[in-house]
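K.L.:
Given the sequences, and given the hints that come with them, work out the whole structure.
Chains as they are written, first to last, in the working numbering: chain A, 1 to 410; chain B, 1001 to 1321; chain C, 2001 to 2093.
Keep in mind that the hints were calculated from the coordinates and are not lab data.
A hint or two may mislead.
[Said to hold, decoys possible] Sample of chain A residues with no beta-carbon within 10 angstroms of chain C, all distances over it, derived:
no. : residue
1   : 6
2   : 49
3   : 205
4   : 207
5   : 223
6   : 224
7   : 325
8   : 362
9   : 399
10  : 408
[Stated by the list, open to error] With beta-carbon atoms standing in for the labels, derived distance ranges:
no. : chain 1 : residue 1 : chain 2 : residue 2 : range
11  : A       : 220       : C       : 2062      : 30 to 36 angstroms
12  : A       : 374       : B       : 1163      : 35 to 41 angstroms
13  : C       : 2063      : A       : 52        : 57 to 63 angstroms
14  : C       : 2023      : B       : 1016      : 19 to 25 angstroms
15  : B       : 1304      : C       : 2062      : 31 to 37 angstroms
16  : B       : 1125      : A       : 260       : 46 to 52 angstroms
[To be verified] Derived pair list, reagent style DSS-like, types lysine-lysine, alpha-carbon separation capped at 30 angstroms:
no. : chain 1 : residue 1 : chain 2 : residue 2
17  : C       : 2009      : B       : 1016
18  : B       : 1317      : B       : 1275
19  : A       : 237       : A       : 260
20  : A       : 44        : B       : 1097
21  : C       : 2040      : C       : 2009
22  : A       : 193       : A       : 249
23  : C       : 2090      : B       : 1011
24  : A       : 210       : A       : 4
25  : B       : 1176      : B       : 1266
26  : A       : 210       : B       : 1096
27  : A       : 249       : C       : 2090
28  : C       : 2009      : B       : 1241
29  : C       : 2009      : B       : 1011
30  : B       : 1016      : C       : 2057
31  : B       : 1241      : A       : 4
32  : C       : 2009      : A       : 210
33  : B       : 1258      : B       : 1201
Note that CB positions come from ideal geometry on N, CA and C, so glycine has one too.
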Amino acid sequence: MTQKVKQEIVAMNGDEAVAFAVKQCDVDVVAAYPITPQTIIVEKFSEYVANGEVQTEFVCTESEHSALTACLAASVTGARTFTASASAGLALMHEMLFVTSGSRAPVVMAVANRALSSPLNIHGDHSDSMAERDSGWIHIYVENAQEAYDSIVQAFKIAEDVGVSLPIIVGLDGFTISHTLERVDVLSEDAIKKFVGERQFPMVLTHEGKTVPFKLDPENPMTMGPNALPNYYFEFKRQQEEGMRNALKKIQEVNSEYAKISGRSYGNGLIDAYKLDDAEIAIVCIGSTAGTLKVIVDQLREEGVKAGVLRLRTFRPLPSEELRNALKNIKVVAVMDKSMSPGGLGAAVFNEVRNALYDLKQRPIMVNYIFGLGGRDSSPRDLRRIFEDLAKIAKTGLVEKQVHYLGLRE
Amino acid sequence: MTTQEWKFTAKDIASKPDLFLSGHRACAGCGPAAALRLIMKATRGPTIVTQATGCMEIVGSIYPYSSWAVPWLHTAFENAAANASGIDAALKAMRKKGKVKQEHIDIIAIAGDGGTYDIGLQALSGAVERGHDFLFVLYDNEGYMNTGIQRSSSTPIGAATTTTPAGSVNPGKLEKKKPITEIMLAHEMEYVATATPYYWKDMMTKARKGLEVEGPAFLHVFAPCPRGWRSEPAKTMEYSKLSVESCVFPIWEAVNGKRQLSTPSKLIALAPQKKKPVKAYLEGQGRFRHLFTPQNQHVLDGIQLATDERWQRLLQKCESA
Amino acid sequence: MSSKEKTWKEISIAGVPPKSSIGFMTGDWKTYMPVRDLEKCTTCLTCVMFCPEGAIKWRPEMGKIEFDFSFCKGCGICANECPTKAITMKMPE
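P.N.:
Put into structure tokens, the structure is as follows:
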């Protein structure tokens, strides 16, 4: 039985918490390019490099495309790698996101989630990483700076698991989490190093007939990133799906292992349910919004309203079964999306959650609230209004509008 | 750069096993394949190769087959130099922690002209500026041959490609070839050289020198493409030779910016009467066929003039060095 | 799909090829094949150097040059470059 270890309390913003976690994880290569609001992560990490506090090679690339490329190449050479990005930078990486997951390189990337142009906007929403839903990366979204720190640590252990071998995006809300000073409890470097462990490699059969660890090594030459024609491409994509299925288990495992040494866990690692058991109405969201919603739920409970919150922590792989179990008895569910899918029926999180619930014999009524685009603030009063809407629907059974724009001047 | 000269004979090279293996699927008479096979024999020890998307990347890695006897990585088109950056950083970091056994591992990034002059230029410039230890080999066949012979910024004036076809108004490509080696020299690199496989010994020596540099080195290999140039596969080495003899592609090397003509080009500089007219190089290549008509005589004249001027400028640069 | 092709469970991840192209014969691409006149051959190795396929091998132990027709694509570079014109391209019989 692992013992909970001593922790230190530090005041850090989300970006600094990420950089601090990377410092403790014995990362070999960090390659990055500055883009607001992620910039502080690499600036902070550069200080560790400048002061000799890490043995990491820091590659300050000339673009986000090269940043992720360098991480991918370093990762398949055998290095533990990290990068950070957001918004336009993540969009520029788009091509390489697919190459990285297809190359089964366990790169860890912090995304300080931010709006996409145009118009240019540097503020927080989820447009950037939602556009990368199908890129084959694991997506974990955190609620606060503490979870940002904890999740980066966990991310290396999840990504580098030989059954997973997939890259991870850890999403933290741009500015709301990235730039807000919070209390963060940190473990010792030794405890973290021990927890994350040495990098593991899956075994592969090479054209020299040897079964060897999957990395670029002159002693065991292998060919990486070949052309797979229609006769094989599909099989490699199916293998990636298997990695995702394994991640579903691994994320839960790592969440509880980490709880043993830190005392902190985030639901089961996949979903974080708050007062859902007897709830009649509930809101599903990702990221920092959950913090505010929990406070509102507490107020509503005092008023006798059976409200609850489900924070979807792991968006990819989608925990469909957990979503079904958690939401099956709710009458009305609102899903909140900080991104849009113009012309679609609601946005990404709504689509995913609603899809997961389709197979229930008795399904909750579901509505979508698009909010916070380009950093538009949503006050507790705005969020409380959603619960009021849900209560009304629960009473009447009538849905006047399926997709709402919260806080938009109409 | 070490000064120890690498001495070798044809027999030495012929006795070395191939690292770019038979069974690759390059077209018959492929200049880049011939060049790469030899360049891989100029390696000096443990080596990792990374390639940009392109002909030479495709032909050696069609699943379930590989033509590479060294560790090899392809990720995308525009980022061969960024791959090299990542490999270099990983080896450095892992060596510090005792996770790499080999004392030294050479890194070669290979790209065609599309992956160097055009889409790959940014990553290349960045990687060179950061000083990563790698040799970048450009195999220049003057167009996007793998995607169906489209023009690149390396395609010379007058060449017909599928995006610059010779028509009743336009005589093939209207713009001149981008001077990529001048751009690379402007990065103040320790080693920049041009080569072509007909002069195989020169090319291999330069590849070895590029590997010996501690930092980035750039080797521009001019490699005829029978498919894209509409030339006879048997004449690949002939065009390689004619490109030097006509001064269309002079061969030289620059060590710390000091430029020197390599022997075949130097001999022409010393005996200008040996310089062949560009016509000798152009004729026989289908991509220039339309130039050999009365109405396009001026284009041919222009190519000769531009080639002469470029050669004169090069001679001055070599002298001033 | 032929039954020889493996399932996703049977192959290594990320497309790492399990076979060397030395098992992929490109020799059947050719129309013409090089034929040598051994009397004219001086074993200068020009053909060995220039062959894009690595299909012309120098056998130092025998002091001989060998053509591997299982890879020769019949490009004719060897015939074109041979300084003693010892190689001619011929239609196989």
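K.L.:
When the hints from earlier in the document are held up against this structure, which numbers fail?
P.N.:
Numbers 3, 4, 5, 6, 15, 17, 19, 21, 24, 27, 28, 29 and 31 - these are the hints that the structure violates, sorted from lowest upward.
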